[in-house]
Amino acid sequence: ITGFGRCGANTGAAAFGVVPDMINVAKQLTNGAVPMGAVVVTEAIYDAFMASDLPEHAIELPHGYTYSGHPVACAAALAALDVFERDNLAQQAGAVAVDFERLIHELKGSPHVVDIRNYGLAGAIQLAPRDGDPTIRPYEVGLAMWQAGFYVRWGGDTLQFGPPFKSPVSVLAEMFDRLGTELHSLK
6 ITGFGRCGAN TGAAAFGVVP DMINVAKQLT NGAVPMGAVV VTEAIYDAFM ASDLPEHAIE
66 LPHGYTYSGH PVACAAALAA LDVFERDNLA QQAGAVAVDF ERLIHELKGS PHVVDIRNYG
126 LAGAIQLAPR DGDPTIRPYE VGLAMWQAGF YVRWGGDTLQ FGPPFKSPVS VLAEMFDRLG
186 TELHSLK
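Going by our numbering, the sequence shown opens with residue 6, and the numbers climb by one from there.
If you're looking for bench data, these hints aren't it; they were derived computationally from the structure. What you are looking at is a predicted structure, and each value in this text was computed from that prediction instead of being measured. From the three backbone atoms N, C-alpha and C, an ideal C-beta is built for every residue, glycine too. A few of these clues could be false.
Pairwise CB distance ranges (calculated) [unchecked claim]: (1) L148 - V88: 28 to 38 Å; (2) E48 - G137: 44 to 54 Å; (3) V119 - P169: 38 to 48 Å; (4) D104 - A49: 39 to 49 Å; (5) Q165 - A38: 39 to 49 Å; (6) D87 - T186: 20 to 30 Å; (7) N15 - A38: 14 to 24 Å; (8) L148 - V46: 12 to 22 Å.
Work the whole structure out from these sequences, hints included.
In structure tokens:
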């Protein structure tokens with residue numbers, strides 16, 4: 006669900022105005038097309054590793070990613086990042102997020118809804134358990150939405166949303182309208 010741009014900025018840290026010492030990235034590098042991971046660190050962190058008394062053949066910054074530096078993954082990452090920048094996807098996500106937030110929160114007060122939360126183009130709706138089972142309602146709604154032509158991820162007691170950055174507002178409105186119908190038909 007997460008990745009570059011979903012918060013309307015290149016990273017969540019940037020959206021919150023935070024400059025982290027270290028950031029881990031993976032599927033957002035290649036848009037999930039090919040496995041790849043990376044660790045991005047400040048110069049101070051990098052220098053601390055490089056200043057150690059390790060032998061020349063030792064790994065300078067052991068970050069543990071299996072797929073780091075594979076040529077196919079690097080090519081996929083460069084292509085994905087080019088599209089991300091060229092199409093201004095973070096800005097597009099930020100623009101769509103305004104309508105996404107309004108539409109998801111319009112479901113407040115619907116049957117079985119315990120909580121609605123979102124940030125940018127990531128959101129979740131927590132549903133009340135039925136007969137002591139917190140997972141059954143999200144499962145039932147997720148299946149019904151799939152049969153209606155919408156993919157809504159479910160897990161535990163929540164429905165989880167991460168729509169495409171270029172989602173037309175009309176499609177989001179149709180999805181949340183259908184979701185409201187499904188919530189009202191639940192036991």
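Hint check results:
One distance hint, 28 to 38 Å for the beta-carbon pair L148 and V88, holds here, with the actual separation near 32 Å. The supplied range of 44 to 54 Å is met by E48 and G137, whose beta-carbon atoms lie about 53 Å from each other. The hint said 38 to 48 Å for the Cβ distance between V119 and P169, and at roughly 27 Å that hint is violated. The hinted window of 39 to 49 Å between D104 and A49 holds, with their beta carbons roughly 41 Å apart.
In this structure the hint that Q165 and A38 lie 39 to 49 Å apart at CB is violated, the actual value being about 22 Å. Evaluation of the 20 to 30 Å hint for D87 and T186 yields a failure: the beta carbon distance comes to about 40 Å. A hinted range of 14 to 24 Å holds for the C-beta pair N15 and A38, which are about 19 Å apart. Range check, L148 to V46: Cβ separation about 43 Å, and the 12 to 22 Å hint is violated.
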